[in-house]
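Residue numbers (the working numbering), protein chains in the order written: chain A, 1 to 230; chain B, 1 to 116.
If you're looking for bench data, these hints aren't it; they were derived computationally from the structure. None of the values given here were measured: they were computed from a predicted structure. Incorrect hints may appear among the rest.
To be verified - The calculated lysine-lysine pairs, modelled on DSBU-like cross-linking and capped at a C-alpha distance of 30 angstroms, are:
#1 A/K59 with A/K219
#2 A/K59 with A/K28
#3 A/K154 with B/K35
#4 B/K101 with A/K59
#5 B/K16 with A/K154
#6 A/K219 with B/K99
#7 B/K25 with A/K154
#8 B/K101 with A/K222
#9 A/K138 with A/K30
#10 B/K35 with A/K19
#11 A/K20 with A/K222
#12 A/K20 with B/K101
#13 A/K105 with A/K219
#14 A/K20 with B/K25
#15 A/K138 with A/K19
#16 B/K16 with A/K28
#17 B/K25 with A/K138
#18 B/K84 with A/K19
#19 B/K35 with A/K138
#20 A/K19 with B/K101
#21 A/K154 with B/K99
This is what each chain is made of:
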Amino acid sequence: MTREIRLIEIREEILGDNKKVADSLRTKLKGHGIFLLNLMSSPGAGKTSLILRTIEQMKAEFRIGVLEADIDSTVDAEIIAATGIPAVQIRTGGFCHLDASMVMKGLDAIDFPILDLVIIENVGNLVCPAEFDTGAIKNAMILSVPEGDDKPLKYPLMFSICDVLLVNKTDYLGLSDFRMETLHERVRTLNPRMTIIETSCKTGAGIDMWSAWLAGEIKIFKNQGSVHDE
Amino acid sequence: MHELPVMQSIFTTVLKHAVMHNVKKVHAINLLVGKLSDLEAEWMQRYFDYLSDGTVAAGARLNIEWVPAVLSCEVCHTRLEIDKANLDGITCPACTHKKFKLVSGREYHIRNMEAE
Chain A
1 MTREIRLIEI
11 REEILGDNKK
21 VADSLRTKLK
31 GHGIFLLNLM
41 SSPGAGKTSL
51 ILRTIEQMKA
61 EFRIGVLEAD
71 IDSTVDAEII
81 AATGIPAVQI
91 RTGGFCHLDA
101 SMVMKGLDAI
111 DFPILDLVII
121 ENVGNLVCPA
131 EFDTGAIKNA
141 MILSVPEGDD
151 KPLKYPLMFS
161 ICDVLLVNKT
171 DYLGLSDFRM
181 ETLHERVRTL
191 NPRMTIIETS
201 CKTGAGIDMW
211 SAWLAGEIKI
221 FKNQGSVHDE
Chain B
1 MHELPVMQSI
11 FTTVLKHAVM
21 HNVKKVHAIN
31 LLVGKLSDLE
41 AEWMQRYFDY
51 LSDGTVAAGA
61 RLNIEWVPAV
71 LSCEVCHTRL
81 EIDKANLDGI
91 TCPACTHKKF
101 KLVSGREYHI
111 RNMEAE
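Take these sequences, add in the hints, and give me the full structure.
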């Protein structure tokens with residue numbers, strides 16, 4: 001018997017299954033009018049501090065929930081829960097990122113249909129989270145000043161997929177050779193339309209601009225939803 | 001860095017098609033991967049070997065066609081191929097503008113497999 005080698009066409013996206021879950025999650029969120037924000041950065045850039053500042057600034061106007069991803073700890077979720085905001089910890093069990101099905105489980109663990117805004121604090125990592133669609137409406141990232149202005153050169157994918165960049169820890173600017181103009185130029189090469197906002201979670205500088213951007217995006221999203229429903 | 005979940009996805013897709021086509025053995029899998037991805041060919045193969053051990057896909061070779069990272073100038077639409085290791089100070093060779101749209105380099109695609 002001859003063994004015949006066949007060429008079998010597959011033609012599928014490698015992360016196609018995750019994309020399908022992410023798209024169906026977005027449809028569900030649109031139906032409920034819930035704005036899901038995926039917040040990414042390297043470890044220690046200030047994700048939890050930014051979320052705390054955002055809650056403080058926006059909780060009077062929006063009902064907020066937080067999904068905290070961590071490889072194996074619950075420290076961040078405990079800090080958020082102490083503010084009285086619904087928060088759930090998603091342990092990724094060693095994985096370096098969140099995917100859409102993990103986010104879906106996390107949302108089911110909080111009473112998400114009553115919320116206006118859910119913030120995902122993704123795993124601290126500038127590589128893997130850029131490849132996995134979480135189902136979020138917008139992607140945000142933080143780059144902190146001590147990390148340096150060269151990060152767009154090292155992690156181009158992350159900088160190219162985000163809608164907004166927060167340059168955090170601007171209170172360190174005087175202590176470093178970080179050049180804001182150089183950063184802008186490097187970001188614009190791959191993502192000319194990215195919104196860039198300078199913040200310091202320590203002093204509170206720029207938090208009003210960030211909150212205004214986020215509130216604006218939530219309103220645009222909610223209006224699109226209602227137009228769509230009619 | 002995230003080769004394992006990516007390879008898990010490839011492996012699941014390959015097995016699904018192997019069952020559909022009554023495959024006895026997979027010899028090779030042909031992939032299209034953009035150069036902007038952070039995947040390393042050596043680790044992709046190692047993780048694939050680990051996942052496929054004892055299945056019809058055991059021993060299959062991963063053939064990766066790397067898709068170049070190409071930018072298009074926002075102003076004059078000139079296209080230029082870029083090197084991920086050399087992204088600083090890119091300017092359009094035609095009009096010297098510095099803002100671009102990414103045209104390719106993010107591909108993540110399974111094309112086909114060679115099997116019996």
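So, going through the hints one by one against the coordinates:
1. For the suggested pair A/K59 and A/K219, the alpha carbons sit about 15 angstroms apart, so the restraint of at most 30 angstroms is met.
2. Between A/K59 and A/K28 the alpha-carbon distance is near 23 angstroms, which keeps this suggested pair within the 30 angstroms criterion.
3. Using a Cα cut-off of 30 angstroms, the hinted pair A/K154 and B/K35 holds, with the two alpha carbons roughly 13 angstroms apart.
4. For the suggested pair B/K101 and A/K59, the alpha carbons sit about 36 angstroms apart, so the restraint of at most 30 angstroms is broken.
5. Between B/K16 and A/K154 the alpha-carbon distance is near 36 angstroms, which puts this suggested pair outside the 30 angstroms criterion.
6. Straight-line distance between C-alpha atoms of A/K219 and B/K99 comes to about 29 angstroms, which keeps the hinted pair within the 30 angstroms bound.
7. With a C-alpha separation of about 40 angstroms, the suggested pair B/K25 and A/K154 falls outside the 30 angstroms cut-off, and the hint is violated.
8. Between B/K101 and A/K222 the CA atoms are separated by roughly 28 angstroms; this keeps the pair inside 30 angstroms, and the hint holds.
9. A hinted pair counts as satisfied when its Cα atoms are at most 30 angstroms apart, and A/K138 with A/K30 qualifies at roughly 13 angstroms.
10. Note on B/K35 and A/K19: the hinted pairing holds, with a Cα-Cα distance of about 20 angstroms set against a maximum of 30 angstroms.
11. Of the pairs offered as hints, the one joining A/K20 and A/K222 holds, with about 23 angstroms between alpha carbons and a cut-off of 30 angstroms not exceeded.
12. For the hint pairing A/K20 with B/K101, the CA-to-CA distance comes to about 25 angstroms; that is within 30 angstroms, so the pair holds.
13. For the suggested pair A/K105 and A/K219, the alpha carbons sit about 26 angstroms apart, so the restraint of at most 30 angstroms is met.
14. For the proposed pair A/K20 and B/K25, the alpha carbon gap of about 29 angstroms is at most 30 angstroms, so the pair holds.
15. Between A/K138 and A/K19 the CA atoms are separated by roughly 15 angstroms; this keeps the pair inside 30 angstroms, and the hint holds.
16. A hinted pair counts as satisfied when its Cα atoms are at most 30 angstroms apart, and B/K16 with A/K28 qualifies at roughly 28 angstroms.
17. Between B/K25 and A/K138 the CA atoms are separated by roughly 43 angstroms; this puts the pair beyond 30 angstroms, and the hint is violated.
18. Between B/K84 and A/K19 the alpha-carbon distance is near 25 angstroms, which keeps this suggested pair within the 30 angstroms criterion.
19. Simply put, B/K35 and A/K138 have alpha-carbon atoms about 24 angstroms apart, close enough for the 30 angstroms limit, and the pair holds.
20. For the given pair, A/K19 sits about 22 angstroms from B/K101 by alpha-carbon distance, which is consistent with the 30 angstroms threshold.
21. Taking the CA atoms of A/K154 and B/K99, the gap is near 18 angstroms; set against the 30 angstroms cutoff, the hint holds.
The earlier numbered hints that this structure contradicts are 4, 5, 7 and 17.
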